Amino acid sequence: MENESRKNQLWAFIITGFFVLVSVATYAYNEFYIYLSAYLWFGFIYGMCLQYGRFCFASAFRDLFAVGVPRMVVGIMIATILFSFVSAFVSVTGMSTFHAAPTGLHATVAGLIFGIGMVFAGGCASGSLYKTGEGNGVALTVILSISVTQAIFVDIGGWFNKLVPESWHQSALAKKLPESINAGDGWVDQYLAGYVWDRPVVKFSKMMGWSDTSVPGAFVGDFLVGVVLPATVLLLLVYLIWARKSYLNKLKKQGVGTASFKEELSGYWGMITASKRTALAGLFLGIACGLQMFVIEGLRIKFGIKNAGALLSKMGSDFGLSVKGTVFDPGYWYVTTQEAQWVGWVFNKLGWDNMDNIYFGLNNGIPNPALNPADWMSLALIGGAAVMALLHNEFKFKKPTLELATWALIGGALMGIGSRLGLGCNVGAFFVRVAMGDTSGWLFGIGMIGGAFIGVRFFNWWTERKMAKEMASFNF
Amino acid sequence: MAMKFEKKEEGTFMLDVQGYVCPHPQIYTKKALEKMKNGDVLELIFDNPSSSESVAAMCDTTGDEIIEKKNESGKYIWRIKKG
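Chain order of the listed sequences is A and B. Residue 303 in our numbering sits at position 303 of the first sequence, and the numbers go up by one each step. For any residue, its number in our numbering is found by taking its place in the second sequence, counting from 1, and adding 1000.
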């Protein structure tokens, strides 16, 4: 066991050393690489936090519905509140890289599809990344499925064009996008340009009549009203429905008949602090997420750019830039788009002309994965999770069974489709948007809760069936 | 590896969910404990680190007691007494 521990520590050291070497060597080659390294190290921190806290958005409502455990809802709400608080500072300084998304029912439908997918897959988009770092083959299968599904989904046309309402088609054409995009062709193009872009962008600060860069807008509108208030109410509901009963039972065992208001408050607080590991991870995650925006915007100012596409051009790599000369460069934590991009890049190299759509051709591009900042972040996230798992002797290579590979493929595909309909995953469409006071984040979240409920109902039925088979051979 | 649920001896059961990812280990554990009698012991074997937090929190909620925890290079062996 001690030998095993030493071996694991050595591997953790090697992985960390590899990322240090990449950062130092690339910086020595060209200082612009510091931009990619910034993404890399934030990804590394996210990976460590996620693995340490077993931080998976999928388990939030899934574990509540399946086994009555509220720890992850609590962890996520803590992380969101802290992220939002740090973000409010960043917004006021004018350093925020965030752009709010159009709000509408589509966010809830997307969240529902994504929610079912994440329960089937056994982890959300970010959870699958950190679990891959633990050596989990199922999680890697999920990532592959999300990546391939997105890359195909954003470019489907042909027969699927018949499913596009005429109003979307006309509205997409009226946007007068560059000819190379051909916005009147492709289901997702017409969904985006013909429907989503026509929805309003609604932030809590704007609803209250403030600019989101003003102190009252950022701190009262987007932070207090947009995050703290709904998170407190949500946690109160979770306490009343799931945690209160067991807390009262414990009090009864201690001889307390009826709980006073003070004891109820103590129970509520006890639920929040029940999993220190998750709460601590949420705390660091929230702070790191806010800081990333600050650091990336600072580097943009230093290099005189607004998007990494300009940096890649200066570095002599202009393949796969969008028609606007940009690449996907959110400036904050994101997961799914870079997964679509690397498969999109592979498809393109294999001869698929996939730059005639909005997703790749107009917005995100398909840069070489070796130079894609967001890809550096995701790979380092896997590395950071591996380091943390190794340090706790929790790393283990696991091949997926046929059963789990099937759920992983189905779940990953649903998450891929949900991500593209919702313009992001559990991180980009929920966590970041909620923290920034964007109402569409909560709408996506409501959908995810519904999806988790449906997914759990299915697995309850599935596992009950398998347990009955196992128990046929003995009596209790 | 397929899930295994066996009766080892009177009052002792074994649930092996190695290879399974969330939410399977915690759902199977919940179902196994629900079917057992108070005082029965479940030997739970799993290798999904995330499930450890969920199973521990679940036992705390239901009043089941984790009487032994072992981690052998990523393989967890827990003994849970139904409360």
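The reader is advised that the hints may include incorrect statements.
Stretches of chain B that chain A covers, calculated by requiring three or more beta carbons in the stretch to come under 8 Å of a beta carbon on chain A [claimed, not checked]:
#: 1; segment: 1011 to 1024
#: 2; segment: 1035 to 1043
#: 3; segment: 1068 to 1079
If you are wondering where the hints come from, they were derived from the structure by calculation, not from laboratory data. No experiment lies behind these values; they were computed from the predicted model shown. C-beta: ideal position from N, C-alpha, C; glycine also.
Outcome of the hint check:
no.: 1; hint: 1011 to 1024; in the structure: holds (count 6)
no.: 2; hint: 1035 to 1043; in the structure: holds (count 3)
no.: 3; hint: 1068 to 1079; in the structure: holds (count 5)
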